[in-house]
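Peer 1: Join the two chains, each given in its own frame, into one complex according to the hints.
Sequence lines, in order, name chains A and B.
For the first sequence, my numbering begins at 1 and goes up steadily by one.
For the second sequence, my numbering begins at 1001 and goes up steadily by one.
Derived by calculation from the structure, the hints in this document are not laboratory data.
Mixed in with the good hints, there may be bad ones.
Said to hold, decoys possible - Chain B residues, not near chain A, derived (Cβ > 12 Å throughout):
no.: 1; residue: Ala1013
no.: 2; residue: Phe1038
no.: 3; residue: Pro1043
no.: 4; residue: Ala1079
no.: 5; residue: Arg1217
no.: 6; residue: Ala1277
no.: 7; residue: Arg1295
no.: 8; residue: Lys1302
no.: 9; residue: Gln1310
no.: 10; residue: Arg1344
no.: 11; residue: Lys1359
no.: 12; residue: Tyr1363
Claimed, not checked - Label pairs and their calculated CB-CB ranges:
no.: 13; chain 1: B; residue 1: Gln1355; chain 2: A; residue 2: Asp86; range: 58 to 68 Å
no.: 14; chain 1: B; residue 1: Arg1390; chain 2: A; residue 2: Lys67; range: 20 to 30 Å
no.: 15; chain 1: B; residue 1: Arg1390; chain 2: A; residue 2: Pro133; range: 29 to 39 Å
no.: 16; chain 1: A; residue 1: Ser43; chain 2: B; residue 2: Arg1392; range: 24 to 34 Å
no.: 17; chain 1: B; residue 1: Arg1055; chain 2: A; residue 2: Arg89; range: 26 to 36 Å
Glycine included, each C-beta is placed from N, C-alpha and C at the ideal position.
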Amino acid sequence: MDPSMRNRSDPRANTEDPVAAFASLYDAEMPRVYRYIRYQVDSMEEAEDLTADVFHQALRHWPRMQKQLRSPRSWLLTLATHRVADHFRRRRNRPAFPLEAAPNLAGTQPGPEEMAVRQEEVNMLLARLSELPERDRTILTLRFAGELSHREIGQVLGIQEGASAVALLRALRRLRQSYQGEER
Amino acid sequence: MSNRYDESEELRARQLAAQLEGEPVPESDEESSSLTAFTRSLPWEEVRPQPEFRRHLRRELLRQLPAPGPRRPWYVRAALYAGAAVGGLLILMIGLALGGTRIGGTFGGLDERGGRGGGPAAVQPDMPQSDDQYEQKHVPAYALPSGIQPSPVPASGERMVISTAQLTLIVEDVEVSLPQVQSMVQGMGGYIVDANSYRTEADRLAATITLRVPADRFQEALSQLRALAWKVESESQSGQDVTQQYVDLQAQLHAREATVKELEALLAEVRKSEGNAEEKAQAILSFYNQLSMLRSEIDQIKGQMQYFEQMSAMGTIVVNLSPREPKVEQPVVEEGFRPSRILRDAARSLVSVFQALYKILIYLVVVILPVLAAIGLPVGLVLFIWWRRRRRQRAV
Chain A
1 MDPSMRNRSD PRANTEDPVA AFASLYDAEM PRVYRYIRYQ VDSMEEAEDL
51 TADVFHQALR HWPRMQKQLR SPRSWLLTLA THRVADHFRR RRNRPAFPLE
101 AAPNLAGTQP GPEEMAVRQE EVNMLLARLS ELPERDRTIL TLRFAGELSH
151 REIGQVLGIQ EGASAVALLR ALRRLRQSYQ GEER
Chain B
1001 MSNRYDESEE LRARQLAAQL EGEPVPESDE ESSSLTAFTR SLPWEEVRPQ
1051 PEFRRHLRRE LLRQLPAPGP RRPWYVRAAL YAGAAVGGLL ILMIGLALGG
1101 TRIGGTFGGL DERGGRGGGP AAVQPDMPQS DDQYEQKHVP AYALPSGIQP
1151 SPVPASGERM VISTAQLTLI VEDVEVSLPQ VQSMVQGMGG YIVDANSYRT
1201 EADRLAATIT LRVPADRFQE ALSQLRALAW KVESESQSGQ DVTQQYVDLQ
1251 AQLHAREATV KELEALLAEV RKSEGNAEEK AQAILSFYNQ LSMLRSEIDQ
1301 IKGQMQYFEQ MSAMGTIVVN LSPREPKVEQ PVVEEGFRPS RILRDAARSL
1351 VSVFQALYKI LIYLVVVILP VLAAIGLPVG LVLFIWWRRR RRQRAV
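Bound-form chain B, shown alone (with noise of 0.2 Å):
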């Protein structure tokens, strides 16, 4: 123990309060020396905090403080924090590509294979890549979307379904191409309805075909499309159940044809009868025109049904027929890839990121600036008079 109870100092204490104060000194060295005696007996030192205390109340305290830990070299922390910025960027950035892929369409992985316009591109089950089977799954070869409600079914028997399908397949050569799809549709006893060719940038034939083949030979054509493409890069199918519509028609066209030979019925009994010949007159003419009136909704009805069937009989295909860009035959340049262009557009958003910037800027001056200080003045006040307050308590 550094000081304890210096006797000297205590001495030299004492003699300094008697020329300060008057205050007597110890009236003899004997009262001095037997006060100091005293003093020792006495056990000031002997209480001591509990050691499992003394440890706890240090770790508390010490966990409050922040560790600084050994203060690495300046160039380690640039490193450090310029690897982290860098493996942000890297996870945002992936996270975008990721991202793009799921929203850019699920048939834009299927890679260059199966090419050649030769055997079935679209399924191969045994490719290696993951990515690749993940799309195939996705290829809906097979279903029509399941979601139909059960209707009431048509006297023949069968559902009606419109199907429809969309194709955007990317070819070696569409002039080849193009034919070839049309005497597939001829073999399977289809038609097409609507053929559109242009010229792409690259000066290349380009074509939009929409192709209605038999409904039970829908699958079978999209699988022979398929076959034709180097690539498929999009494509969609959905079937509307139109069979409740058509036992709806049914119904009406029943009921009208009821109403009709009863009509016909009566008119002819009409004409059998005998009186008035204007009376008679009349009631034929009213006779007549009520049977014109339901005739002709019949023809509308039968038009509908006969729609219906038509539709549901043969499925709607249109394909896109797009030339495959002769750069990609170089993989080590990707499609599109301009540097001039790259470099037009990072300028561009640097200026951009600048205007957003100089924007913020302004509108921290001229808004909220002054509204915080409207607002964090009084607040400032009040905290800082408290503040204030508190500190001459402690003081005190």
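One chain only, chain A, in its complex shape (with noise of 0.2 Å):
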């Protein structure tokens, strides 16, 4: 059998390409760096552009990378962590309208993307997660979209697993009283 077949499936083994590689990550890692952004952004053009970005920057960096990364799924979640913090900044310093204002911004634009069975629900998730404070919404997608560990969240975030952990239960626990808020 041929190896580069057999290690298809992880980028880190294949190391004598570095192409086959990268496009083994990125299928592999693709729709979970842009669900990890999508939830934390208003729309699916911005979670377009910042999830090309990403990538683009993972590209640049891939050669030298590749050989000394142990998890590449965090790797790229940090990337994203930053690009998005990157997006918010950029978008607080010269405000278009205020996030305030439009509450419920991130549900007003549903996009085919969102044709999903449970389009209701995904509008709703997104909604109640453009309430929350940056850092719960971080953290919630990071574990939940981005499917991370906590270690890993730890290492993204440059915290404890244990602060992660926690982060993330007061976080889940404010989600929930969203949601229970509304159906009230």
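Peer 2: Below is the structure:
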């Protein structure tokens, strides 16, 4: 059996060919990175732009990073976290309109990618997330959209594993409160 | 999906958090399980990138990575590089060779044919080789240079052109060809102005003849000379139109002759007139001075006109006759092929190449490196600082 075929699923094993390795990394992680970004920003277009930015940046560092990466996923999500933070910082510096004025903005622009079965629920989650503090939103999306372990979240955010768990617990509580407030 | 919300990991993490920070774990298992259920109810995985965007970005990214392709074994790569190098050299050499023939004269390509001192050598239009046809087209056997400006035609109505030609011929035997040339020239009513003969390195006779033939038989003489050759090595023709000068001279002549006539008439009058003898003598003397000056000018002009007439009446041909080197008769070994000499030349160029390399190296060390260092150090320092700052910013 061709060894390159056997290792196709694991991006790190296929160190011989950086192109194939990057391609398989992209195929495996791109939906996750997109989802992670999408749940933090307001529109599909922003999410696509930021996702493209993340992978372009990853590509630039790929030859150097390829061999030393232990978790490509948390690396990509670290890049994504920085990109999203940049994005909000830039938008805050020249606000087109204040976020507070449009609390349900995230849910107002459903794109074709949201033609999901649970469309209503997605819009609801987007809206609730946009009301949460940025920190909560980050940790929730890292955990559930990005599917990182607490150890990896700790690496991404530069905090302890336990602190990550605590932060996630609090964020979850706040998210549930938000949902329950909606129901009432 | 690999690690979608691992409950046991979540629980472990919360316990760890409790130990570390005294943070209350969920008060009850009830809350824990309800949170888990809540989390499960959220549509985290429902959001997907559009397939179109996903494909597009993938293509864009992969295009930026250099495709390494299957790695060939070293000997295949070596062979490919060698082939490329040889091909490049070949192209270079062909280019040089082509450039060389262009520079080396248009008539160099006429090869062994029409030899044996016999029939018309240079013009055989049905020769198959295209190279030869190219050469033939450029043998100026018919026309004089066409760039001559039209200028006033002298009274005789003919243009006055001084034609000259240069021919370098390789003949079987100069000692045979020389008398042939002489008899040809005499037969045409021309003459030989100048003839030099000498011995070549191979102790064979060679000669340079300058001859003049009547202008109307100039082309005929050229073609006959070519017919003598085993090979025409080079040929050039030129014509100098002196009609303008000749007409000018004619005008000057007429003017002076008219003046002379008038002066002579005046002189006769003065002689006849009666008056002071002394004054008369003075006047006559000055007339004589004038007249003699004019006459000598007239003689000069006539001489020049005569020169032009003679020169244009006869065309001048300079013929170089070289013997055919006997070696050429063995076509296997080319003329002047000496391996020892080639070897020496090659060694010499090898040495000069190395000398040039050493020179470059010395210049590099003595001149260029310090200059580069002087320029490069500050620039490099600035770049380095900038790079580090950028890196730090990115890390933040």
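Peer 1: None of the hints should be skipped; say for each whether it holds.
Peer 2: For each hint, the structure was consulted:
Non-interface call for Ala1013 of chain B relative to chain A: violated, since the shortest CB-CB distance, roughly 3 Å, does not exceed 12 Å. At roughly 5 Å from the closest C-beta of chain A, the C-beta of Phe1038 of chain B falls inside 12 Å, breaking its exclusion from the interface. The beta carbon of Pro1043 of chain B is not kept farther than 12 Å from every beta carbon of chain A, the shortest such distance being approximately 4 Å. Once the 12 Å rule is applied to beta carbons, Ala1079 of chain B is consistent with being away from chain A; the minimum gap is 23 Å.
Its beta-carbon lying about 81 Å from the closest one in chain A, Arg1217 of chain B satisfies the requirement of being farther than 12 Å from that chain. For Ala1277 of chain B, the shortest C-beta to C-beta distance to chain A comes to about 121 Å, beyond the 12 Å cut-off, and the non-interface label holds. Consistency note on Arg1295 of chain B: stated as away from chain A, and its beta-carbon is indeed over 12 Å from all of that chain's, at 100 Å minimum. The beta carbon of Lys1302 of chain B is kept farther than 12 Å from every beta carbon of chain A, the shortest such distance being approximately 93 Å.
Non-interface call for Gln1310 of chain B relative to chain A: holds, since the shortest CB-CB distance, roughly 87 Å, exceeds 12 Å. With 12 Å as the threshold on Cβ separation, the claim that Arg1344 of chain B sits away from chain A holds: the shortest Cβ distance comes to roughly 52 Å. In this structure Lys1359 of chain B is separated from chain A by more than 12 Å, as the shortest Cβ-Cβ distance comes to about 39 Å. Residue placement check: Tyr1363 of chain B keeps its beta carbon more than 12 Å from all beta carbons of chain A (closest about 37 Å).
At roughly 59 Å, the beta-carbon separation of Gln1355 of chain B and Asp86 of chain A lies within the given 58 to 68 Å, and the hint holds. The supplied range of 20 to 30 Å is met by Arg1390 of chain B and Lys67 of chain A, whose beta-carbon atoms lie about 23 Å from each other. Under the hint 29 to 39 Å, the C-beta atoms of Arg1390 of chain B and Pro133 of chain A, about 30 Å apart, fit the expected range. Between Ser43 of chain A and Arg1392 of chain B the Cβ separation comes to about 32 Å, which falls inside the hinted range of 24 to 34 Å.
Roughly 31 Å separates the CB atoms of Arg1055 of chain B and Arg89 of chain A, a value that falls within the hinted 26 to 36 Å.
Hints 1, 2, 3 from the list above are not met by this structure, while the remaining hints are.
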